[in-house]
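Protein chains in written order, with numbering that gives the first Met the number 0: chain A, 0 to 158; chain B, 0 to 72.
Since the hints were derived computationally from the structure, they do not count as laboratory data. Be careful, since some hints might not be right.
Stated by the list, open to error - Label pairs and their computed distance ranges (CB to CB):
#1 A/144 / B/44: 16 to 24 angstroms
#2 A/13 / B/46: 17 to 25 angstroms
#3 B/42 / A/136: 22 to 30 angstroms
#4 B/68 / A/10: 35 to 43 angstroms
#5 A/38 / B/69: 48 to 56 angstroms
#6 A/79 / B/54: 28 to 36 angstroms
#7 A/147 / B/55: 31 to 39 angstroms
#8 A/54 / B/70: 43 to 51 angstroms
#9 A/136 / B/29: 36 to 44 angstroms
#10 A/11 / B/70: 38 to 46 angstroms
#11 B/70 / A/51: 44 to 52 angstroms
The model shown is predicted, which means the values in this text are computed figures rather than measured ones. C-beta: ideal position from N, C-alpha, C; glycine also.
Each chain, written out:
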Amino acid sequence: MAFLRPADAERVRKRLAADLDGDVDVILFTAPPTGLFIPGRNESTTGKQAEALLTEVAGLSDRVHLRVVNPRTEPNVAAEYGIELDPAVVVEKRGSEGTSKAEAGRVRMYGLPSGYEFMTLLDAMTAASRPTPSLLPDTLDSLSRMTDPVHIQVFVTPT
Amino acid sequence: MASLAHQFALAQPLISADVVSASEFQAYSSRFAVQAVPKTVVNGRKDIVGGMPEPLFVAEVLRAAGIDPDNPT
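Isolated chain A, as found in the complex:
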């Protein structure tokens, strides 16, 4: 079943064609369900849906490259990206894989990027594809003063 209605898919295709300045990698971290109950471990309930949705989105633009990582079989990759929850989506500029820490911080989304968070995903892809951030000059000055790592978590609820 398609997530996006044909009219919505067309809107997303047009938006990606207009907004993406370069190629982006979208990396989905999700482990397939085992069906086993293991105390202390929660199986992802939306990982498969997230994969289906992101596959649709990647099919709408040649500039969007989807990679699916199973954190159970590739824990080193999940650790490199600082993944804590399943499903997780990382967005980064194409080619920055493995070196993106030097060029940009981590951009992650935890959970199915549906509802309003679908727009957040498209915004992240747009921002990652651009050579310069769309932030106020004063904001860029302020951010350049930082010397220590900062972790920002924005808790949202899909609508």
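Since chain A is already given, all that's left is putting chain B on it; use the hints.
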């Protein structure tokens, strides 16, 4: 706040920005006392509930990093 946090991370390699679905990860969210959304937590401590304009948000991020936003050096 979500897209702004992501843009901060893209502009500054020292920043990691997560957008967390509070309804999907209720146990994780409860560790950060999330009762209303959007709620932003910086370095596990500083809480911001609701939206905030870009200049105020970046000032909060600087404070969390131990930098006085009002005293440029």
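Taking the hints in turn, this is what the structure says about them:
no.: 1; hint: A/144 / B/44: 16 to 24 angstroms; verdict: holds (19 angstroms)
no.: 2; hint: A/13 / B/46: 17 to 25 angstroms; verdict: violated (38 angstroms)
no.: 3; hint: B/42 / A/136: 22 to 30 angstroms; verdict: holds (25 angstroms)
no.: 4; hint: B/68 / A/10: 35 to 43 angstroms; verdict: holds (38 angstroms)
no.: 5; hint: A/38 / B/69: 48 to 56 angstroms; verdict: holds (49 angstroms)
no.: 6; hint: A/79 / B/54: 28 to 36 angstroms; verdict: holds (33 angstroms)
no.: 7; hint: A/147 / B/55: 31 to 39 angstroms; verdict: violated (21 angstroms)
no.: 8; hint: A/54 / B/70: 43 to 51 angstroms; verdict: holds (49 angstroms)
no.: 9; hint: A/136 / B/29: 36 to 44 angstroms; verdict: holds (39 angstroms)
no.: 10; hint: A/11 / B/70: 38 to 46 angstroms; verdict: holds (44 angstroms)
no.: 11; hint: B/70 / A/51: 44 to 52 angstroms; verdict: holds (50 angstroms)
Checked against the numbered hints given earlier, this structure breaks hints 2, 7; the rest are met.
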